[in-house]
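Number of protein chains: 2
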Amino acid sequence: MKIQPYMLLALRRNIENVVKLTDGEFDQIASRFTPKLIRKNQFLLEEQDKCKHDYFVIKGALRQYRMHDTKEWVNQFAFEGWWISDWYSMLNNTPSDFYIDALENSEVLQVNKKALDSLFDQIVKFDKFYRVMFQRAFSAQQKRIAFMQKSAESRYEEFVSMYGRFETHVSQAQIASYLGITRESLSRIKNLGIKRLIDQK
Amino acid sequence: MKIQPYMLLALRRNIENVVKLTDGEFDQIASRFTPKLIRKNQFLLEEQDKCKHDYFVIKGALRQYRMHDTKEWVNQFAFEGWWISDWYSMLNNTPSDFYIDALENSEVLQVNKKALDSLFDQIVKFDKFYRVMFQRAFSAQQKRIAFMQKSAESRYEEFVSMYGRFETHVSQAQIASYLGITRESLSRIKNLGIKRLIDQK
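Chains as they are written, first to last, in UniProt numbering: chain A, 1 to 201; chain B, 1 to 201.
So here's chain A without its partners, still in its complex pose (with noise of 0.2 Å):
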């Protein structure tokens, strides 16, 4: 397959959210990137698998997660715009503690490490833009760590506040997971959400 207008436009309006790009310099970082078809189910990355590429959501939905105890534990979900890797296992070429699979019908554009390294020599607003996106996930996942040890509620606002927007493309056992939490709880929470949405009126 290759390489349409639309995942150009998506990827060059992801990238100038944070830098602005010559033509020039777009062109040469997307011809880096290669399409992917993933149908639903199907895996990116498998535990024990070394990550090689970095990807960026065109379509779909996608998400990471662990297996332990013979339970998946959800660690992130990407969509429409989001990027998904496992970048300690590339960076140290380790073995990956995750799974990443496809919720549904996705397609990704996907990078490799090799490439990456040489567009940020190359191309210093690249560089810039991964910065960025590094900073906001570390941040990101700084915060997550802390409201792994609150209440399933408080946990249950972090999933909507990233991620409440794409819930359609999520099942409640998925969000359960994510929560670390049983569907029950889960669905005792959506609930008392939804009366004190109604008790405000």
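Hints should not be assumed to be uniformly reliable.
The list makes no distinction among identical chains, and a pair is therefore deemed to hold if it is satisfied within one copy or across any two copies.
Said to hold, decoys possible - Derived DSBU-like pairs (lysine-lysine); straight-line CA-CA distance at most 35 Å: (1) 114 / 150; (2) 195 / 36; (3) 125 / 50; (4) 2 / 71; (5) 125 / 36; (6) 40 / 114; (7) 195 / 71.
Hints were generated in silico from the structure; no laboratory data involved. Predicted model only: the values in this text are computed from it and were never measured.
Fit chain B to the given chain A structure using the hints.
Chain B alone, transformed into the frame defined by chain A:
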């Protein structure tokens, strides 16, 4: 207190592990940092404060933790040559969930967000340095999240691989708090580790 030559040397060495600087570039960077002495148990940041600085540790030992259910949960330690801050609070200008305090008398260099942003714009190599720092910090934190649901033994191994050579700076209670286990469990794990080493001989 004026910035001292050994502080400048430590800062320059830390940055030059990633990018080489001219003297002019380093002087420009260093001019935005100011030294700060922190006595044992003194705070650099308290919960509900807005975090205003990134800190580079010259000497001593610091920790970042939060309070939950009247217990301290250590999120991160920082020793000579490490950086520590609450980036979520700094980026979003929101009250912090965390405390940062000194485990022993310490010296840090501090730099505020406005100075950092202007350095990012003026010195391309400094931007790259932070991109690499955030990339490593983000990936280490992804790994830490995966570890948090593994066994106490695995979590102790993670602590040793990250902080082992600084273990003498940190009390057993603080290590236990970082691992999310009791002091009794920590001492059992350490004894098991020593037994294993002896058995291998």
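These are the hints, each one checked on the structure:
1. Taking identical chains as interchangeable, the C-alpha atoms of residue 114 and residue 150 lie at most 35 Å apart only when they sit on different chains, with a minimum of 32 Å there against 39 Å within one chain.
2. In the homo-oligomer, the alpha carbons of residue 195 and residue 36 never lie at most 35 Å apart, since the shortest distance is 43 Å inside one protomer and 50 Å across protomers.
3. When the C-alpha separation of residue 125 and residue 50 is checked against a cutoff of 35 Å, the pair qualifies both within a copy, at 28 Å, and between copies, at 29 Å.
4. Taking CA atoms no more than 35 Å apart as the test, residue 2 paired with residue 71 passes in neither setting, with 38 Å inside one copy and 55 Å between copies.
5. Taking CA atoms no more than 35 Å apart as the test, residue 125 paired with residue 36 passes in both settings, with 25 Å inside one copy and 33 Å between copies.
6. Taking the closest pair of Cα atoms, residue 40 and residue 114 come within 35 Å of each other only inside a single copy of the chain (28 Å); across copies the shortest separation is 44 Å, beyond that limit.
7. Within a single copy, residue 195 and residue 71 get their C-alpha atoms as close as 31 Å, and across copies as close as 32 Å, so both meet the 35 Å cut-off.
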